[in-house]
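Guided by the hints, dock chain B onto chain A, whose structure is given.
The primary structure of each chain is shown beneath.
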Amino acid sequence: MSFNVENYFSDLSDRDVILFYKGNVDSDVINQILDSVEEKMVAISEQPKLRKRVYNVLVESLQNLYHHVDRVPEDFEDQTSEKFGLLLVKKVSGGYKITTGNFINTANIEKLEEKIKRINRSSHEEIKELYKFILNHQRISAKGGGGLGLVDIVRKTGNKLVYEFKQYSDKYSFFYLNILVTEEV
Amino acid sequence: MEPIIIEGTPKTPTVKFDASDGVFEIKGRSIPENSVEFYKPLVDWLDGYKEDPLPKTIVNIRLEYFNTSSSKCILDVFKKLETIHKSKYEVEVNWYYEEDDEDMLEAGEDYESIIRVPFKMIEIEE
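Quick note, the sequences are listed as chains A and B, same order.
Here the working numbering is used: position 18 in the first sequence is 18, and no number is missing along the way.
Here the working numbering is used: position 87 in the second sequence is 272, and no number is missing along the way.
Just so you know, these hints were derived from the structure itself, not from any lab.
No residue lacks a Cβ here, since even glycine has one placed at the ideal position from N, Cα and C.
Fair warning: there could be bad hints in the mix.
What the hints assert, rightly or not - Pairs of lysine-lysine, BS3-like flavour, derived with a Cα cap of 27 Å:
| hint | chain 1 | residue 1 | chain 2 | residue 2 |
| --- | --- | --- | --- | --- |
| 1 | A | 49 | B | 305 |
| 2 | A | 160 | A | 128 |
| 3 | B | 265 | A | 132 |
| 4 | B | 264 | B | 201 |
| 5 | B | 271 | A | 132 |
| 6 | B | 212 | A | 49 |
| 7 | A | 40 | B | 212 |
| 8 | A | 166 | A | 83 |
| 9 | B | 212 | A | 171 |
| 10 | B | 212 | A | 128 |
| 11 | A | 128 | B | 235 |
| 12 | A | 132 | B | 212 |
| 13 | B | 305 | A | 128 |
| 14 | B | 264 | A | 132 |
| 15 | A | 128 | B | 265 |
Claimed, not checked - So these bits of chain B aren't anywhere near chain A, every CB distance computed over 10 Å:
| hint | residue |
| --- | --- |
| 16 | 192 |
| 17 | 196 |
| 18 | 206 |
| 19 | 268 |
| 20 | 301 |
| 21 | 307 |
Bound-form chain A, shown alone (with noise of 0.2 Å):
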């Protein structure tokens, strides 16, 4: 197989790359990523808001691979990572680009896709107003997500959310979610 995660990224050796991480996303490895950007932050001087804005996005990025990913194929290089995750966190200008990426089962990228489509074709305003419909009427799932994760991403940031889909094999394809952090909603 010639499909290698990280060729989407061409520059993970550039200096602006706050952190960049491949393999299991489990709870302590959410911890130190979270302390490692969060000290980068602060080492520069990050504005509180906009460091807080990047903590709350990170945290919700994370837990969303930690409660949503599909099981690695069968072919795939590491079959250790039991929740197999690809993280970088980057500054640009203005603010930090946050992009995940994790396998996902064909069948199941429809749905995820349209959920996508639907926030993204949302005003702030419709945002907010989902966000506080899902928090009053939807009960925590099984996988023990709150099914939150994406609206408020967006509504934190105010942008749009650029993802990806690209095949790996006929079951599997690898999701790709670019996110865009920046001080002003």
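Same frame as chain A, now just chain B:
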């Protein structure tokens, strides 16, 4: 009732629910992967408290961060408080947010619009 006193961790808040003074506090970060596991004992405790509450209950929420899964559990906490308030007992929520943290202020306003309990938004200097 035995009070609930929980020390904070990097992912879970400090909690102090004391039925003897009617002052309840949730403070710090609330970003656990499994928020139900953390909040269920608090919600259950409030179920007991609401049977015989003090004339006035004050709830101080002073969170730096909370994740979306905690947001549902915090709503469950508020719903218990709403029941107490509906039974003609005084309940007041003080929602603290750091200066310039509009996201945290908005989160408090969301709850205020859903829950029929008086909220006070209090800005704290960093």
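*asked:* Under the constraints set out in the numbered hints, which ones does this structure not fulfil?
replied: Hints 9, 11, 17 not satisfied by this model.
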